[in-house]
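Q: Protein chains in written order, with the working numbering: chain A, 121 to 479; chain B, 121 to 479; chain C, 121 to 479; chain D, 121 to 479.
Honestly, the hints are just simulated from the structure, not real lab data. Among these hints, one or two may not hold up.
Identical chains share a label here; the pair holds if one copy fits it or two copies do between them.
Below, simulated DSS-like cross-link-like pairs (lysine-lysine); rule was C-alpha separation at most 30 Å, straight line [claimed, not checked]:
#	residue 1	residue 2
1	154	173
2	154	218
3	154	205
4	311	292
There are 4 protein chains.
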Amino acid sequence: MASIFGQLFRITTWGESHGGGVGVVVDGCPPRLKLSEADIQPDLDRRRPGQSKIVSPRQESDTVQILSGTFEGRTLGTPICLWVKNTDARPEAYAEMKTRFRPSHADFTYFAKYGIRNWQGGGRASARETVGRVAAGAIAKKILRERFGVETLAYVKQVQKIIAEVDPDRVKFKDVESNIVRCPDRRTAEKMIRLIERMRRAGDTVGGIVEGIARGVPTGWGEPVFDKLEADLAKAMLSLPASKAFEIGSGFGGILLTGRQHNDPFRANRGRVFTTTNFSGGIQGGISNGQTIFFRVAFKPVATVMHPQNTVDVHLHNTTLKGRGRHDPCVLPRAVPMVEAMTALVLVDHALRHRAQCG
Amino acid sequence: MASIFGQLFRITTWGESHGGGVGVVVDGCPPRLKLSEADIQPDLDRRRPGQSKIVSPRQESDTVQILSGTFEGRTLGTPICLWVKNTDARPEAYAEMKTRFRPSHADFTYFAKYGIRNWQGGGRASARETVGRVAAGAIAKKILRERFGVETLAYVKQVQKIIAEVDPDRVKFKDVESNIVRCPDRRTAEKMIRLIERMRRAGDTVGGIVEGIARGVPTGWGEPVFDKLEADLAKAMLSLPASKAFEIGSGFGGILLTGRQHNDPFRANRGRVFTTTNFSGGIQGGISNGQTIFFRVAFKPVATVMHPQNTVDVHLHNTTLKGRGRHDPCVLPRAVPMVEAMTALVLVDHALRHRAQCG
Amino acid sequence: MASIFGQLFRITTWGESHGGGVGVVVDGCPPRLKLSEADIQPDLDRRRPGQSKIVSPRQESDTVQILSGTFEGRTLGTPICLWVKNTDARPEAYAEMKTRFRPSHADFTYFAKYGIRNWQGGGRASARETVGRVAAGAIAKKILRERFGVETLAYVKQVQKIIAEVDPDRVKFKDVESNIVRCPDRRTAEKMIRLIERMRRAGDTVGGIVEGIARGVPTGWGEPVFDKLEADLAKAMLSLPASKAFEIGSGFGGILLTGRQHNDPFRANRGRVFTTTNFSGGIQGGISNGQTIFFRVAFKPVATVMHPQNTVDVHLHNTTLKGRGRHDPCVLPRAVPMVEAMTALVLVDHALRHRAQCG
Amino acid sequence: MASIFGQLFRITTWGESHGGGVGVVVDGCPPRLKLSEADIQPDLDRRRPGQSKIVSPRQESDTVQILSGTFEGRTLGTPICLWVKNTDARPEAYAEMKTRFRPSHADFTYFAKYGIRNWQGGGRASARETVGRVAAGAIAKKILRERFGVETLAYVKQVQKIIAEVDPDRVKFKDVESNIVRCPDRRTAEKMIRLIERMRRAGDTVGGIVEGIARGVPTGWGEPVFDKLEADLAKAMLSLPASKAFEIGSGFGGILLTGRQHNDPFRANRGRVFTTTNFSGGIQGGISNGQTIFFRVAFKPVATVMHPQNTVDVHLHNTTLKGRGRHDPCVLPRAVPMVEAMTALVLVDHALRHRAQCG
């Protein structure tokens, strides 16, 4: 159950960072959608390590293969299995990890839970698991775009203390992709890149914030109680590796306002209802109100650093461990397609749920 | 599906703020647990309106009845249905709401989704729905305490800009309950109470932060990928009315640190592993590491204020609406038992899931 | 989880034969459906004991109350909680059952599983649990009828060796209800009634077959693999108390034919496809083909007989037990509304699922 | 959702008869189980076409590959993805099927549902989909055997009118495997084989009954209401291609007995409770009672026959269609491992569920 997400558009990811590969099965996809590897590969390329000087230099091509669920270029309505072979297996790079738990990684907790772990890399806890999510998310984004007129987008909003200015109602995909840090505010992007490079050289790492948005979501998606749209988004985001926080609309900042200041007044114009402010972030009572949905996700600094750190080994002796070879100074540029994917997966699921009950 | 929460300890809440009552069905409860209404009523009393001068003055006794699932004072292992009758029905108080949508409430989105709404109060979007959660949560807390030695607790950490000092490893339930705002830092609590009273008199409202903790959680609870412990907590919290944000451990603040500063070093002592800092908030890779779990939830200022606000009516004409009679200046004191309940529901579910797969 | 049925139209039944009552929560019901107690009570009256001389004489009025989910006579789209109070509590009638396990009842297995049981009647294993199913089924039948033009029906096909002649394509509800055994073949019905009365006088019981049908189901409902329409029907039927077997279309009898004889030839007429025989029972590859769906369910003879039978007590000593007072000679007349209800619950769930994915 | 089975030991099958292959993802497998391809391949060999003269002559090696979820020969507790490549792709063999619907196959209903179909073979409706089930079932059987001491077994009980004598309490795996029809009653097996060969030569097909059993199941597995053990078994069996009926214990035959004759008396001996007859088939009230579980599944004669049959084409014109080349005269020998697999999948799921709630 741990590896299944969604109620109606349901994905199951599988695979470890080392082994036969990683992948995903998508169950519940509407039939007759045009789909080929070319629809999926671009997002995987945005996710993969080695794409620029400021991300993990690990080299993997991450080439996706559709194993089932399509016929003559269209979806059949049956499960779509997507597979990306592992190619960068270097067990020797992980020799030390066989006996020592990396601090703030999942090595210790996996071992505590299962009594066994794949010490060659992060196993299921590796960011590599997100290959399946991003691949499935590419399908979800296509459905949202083609069948529901909904656009999903994400970008880097903040790296450590460097904050970008971005307007969720106007930002464009090509602005996000115009630089390697995926921040559409170009001048700020340059500062972010310089900071990340400095961190890389120092063998250290840095975290920040990715903002996710959805535009064109009609009113009525989401559910009233437990499966509120923001609740499912929160779960989706906190399920991403290294994420530590989620806020929708005004978020933590909203608590500085009073109710009078914080409420979003409704106005109507030619039969269309809208709000003149959007502290709600496009969702009220768990259900979309037609405004732009936007939220922020905090990602901690990557745990692997090039300095010795205190830890324990599998025999429960105190020791130290130091990252070796190559490290990823900042997960944010690669987190952008992950946030987009999870956003799209949540939305397409709720689109189908809404159609089922109220269609 | 909207009203079902949990995989193995699964609850279904039902009921509107007006109508035959509100309640919950708990499916999957372990058998032979001692249980009577007396185990549940105290938490409902902490949740109910009218309990103090700083919360909603609506008067309801919220008396719980166990309709099924117990025999001779013990659980049978079969579904437990809990029911709280509605008593405070004053439809006339809601007359204006029949035609006008309250800003930043769920009136508009419900109507947009379902084409119908119970305009007598908030219907399912009312905080009254949480009666069922708190009642089920009382059972979950009892299981955690008696069968797993786990303690769950929540308290008000911040009201607007007033921030309390609380040590998650030491704070006690009786300190939380020592004042009406449920903040264990007594001097700060007084300031909070004064602020809330001022807001009430001004016909305005204020938000803040509830911190939730769990102590004594063993290593190994939680799941690696989508159902990470923090992901399920995030969903649980964002499903509470008026919540806007969630952060675990270092949360948004963690992005100001570098990886070297942020990692939690492991140490071992007499066969027990612990971390010397706890930026992780007790969870690593989705799985508990044995340290105290702690997280924060932001609640926006209550939407009902005693001032006219712009809005639209059901005919999509622009108009204004002003809260009438009585209002709730701050949801935080009543959100404390809600956060506790949702925390306990997530944890007991994962306790059973862990036992199923790894037991 | 044990007490939840359905994916999108999801019901949770609760309650024991003795205690505060029995009921059901229906989650996922489409909004704006006209609904009052009067839509549900008639099916409960068909289900209840004491309705005729050939069923259990236990006297209960089984009056249903809608506790939530409707407003001004229409469904809100939120959970509908239905409650039927227990009135016939005579714990003294069950005194012997406190210590002895009734043969072929669930007393022993419940105790083995949970280590506790409500010995006052059958607890959750009582046919009384089906009150919730039949109530929810009445809603499902209404949706099928009003929104999808589908009719569901069931009737007694066989009592012991007495077999009725019924044409699934033509049988009418009023013919089913024209006699107390609910067999639309009137002459056979009389024989069945005489047999059941003889059994009652002899303190013995008798079983038989209920046939369920659905007419007007469009092509395309059902799923290809695990959630085949016939698979979900089979589960639904085998979940009814005392059921032992299920067959769809040609069923066990179909194995006497060869493939050439058994295949259903397709024909087309004015753009409509149909089959000239219906061995498939209206479902092919798990998906409805537009023909009448029909299936049969075997119910064993009721386990409670008025004769001493070998059994063991809770101390695992050999002993005997004899039914006391009143007994139910045949479950079939009351099983008819149960089969109808479960059929409707399966179909409405698949109707919504089909609309979600392919709508 | 259509392709996911189980609550805690959850499998997702994927793949069409033609395309990149077929497979399964197993989520929720207990960790540290010894597992390699050698544990799975034997059951796939028992399932595959071409294994003997009386089954489909289609030649596929069906070689399984573990893509994830194991490390150094043991399960990690994370999803296990199993893949079997398709090798026998002969699209030309299916040219006629492109435009004509095969009678009593799923061609028509798939097209009616999805508006698209993979006409190269049966797509998801092909028996080839069961590769994933049998592979996952091999893991389930291993868990049952090694961790719970439970043995699952199936065999051919009847081919058309030829009925075997088999004692469910004593029959052995090697007796089942001693002949190509998989009937442990050797003399009857020979008659069955002769009948099937005659059918093959006549271009016709024949159906029959597979009996499934489980020995050593402890008391207490199963759930009281919807997820009764027999209900989940019924669903599992009716989800198999070509199955039409299911009966547990006395089944349809039980209705010929009265309650006095049909009840299973309990006896106790040295603290162990058993029943002196087993009409219940090892399950009472949905929960295992410790006796041998046994049930029967009817499989219709295979639909593909070597004779012209009436049907319609995709333009809804009446036409005929005749099977070409090679056909499968009887699915039963290959259905045996399928029934075993589904039995094991249901049981291991309930074993884990029981441990979660009552462990």
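Q: At most 30 Å between CA atoms: does that hold for residue 311 and residue 292 within a copy, between copies, both, or neither?
A: within (20 Å within a copy, 45 Å between copies)
Q: Please work out whether the CA atoms of residue 154 and residue 173 approach to 30 Å or closer within one copy, between two copies, in both situations, or in neither?
A: Result: close neither inside a copy nor across copies, 35 Å intra and 42 Å inter.
Q: State whether the alpha carbon distance between residue 154 and residue 218 is at most 30 Å within one copy, between copies, both, or neither.
A: Answer is between; shortest inter-copy Cα gap is 20 Å, intra-copy 45 Å.
Q: With identical chains, the pair residue 154 and residue 205 could be close in the same copy or across copies; at 30 Å between alpha carbons, which is it: within, between, both, or neither?
A: Both: 24 Å inside a chain and 24 Å across chains, each within 30 Å.
Of the numbered hints stated above, the single one contradicted by the structure is hint 1.
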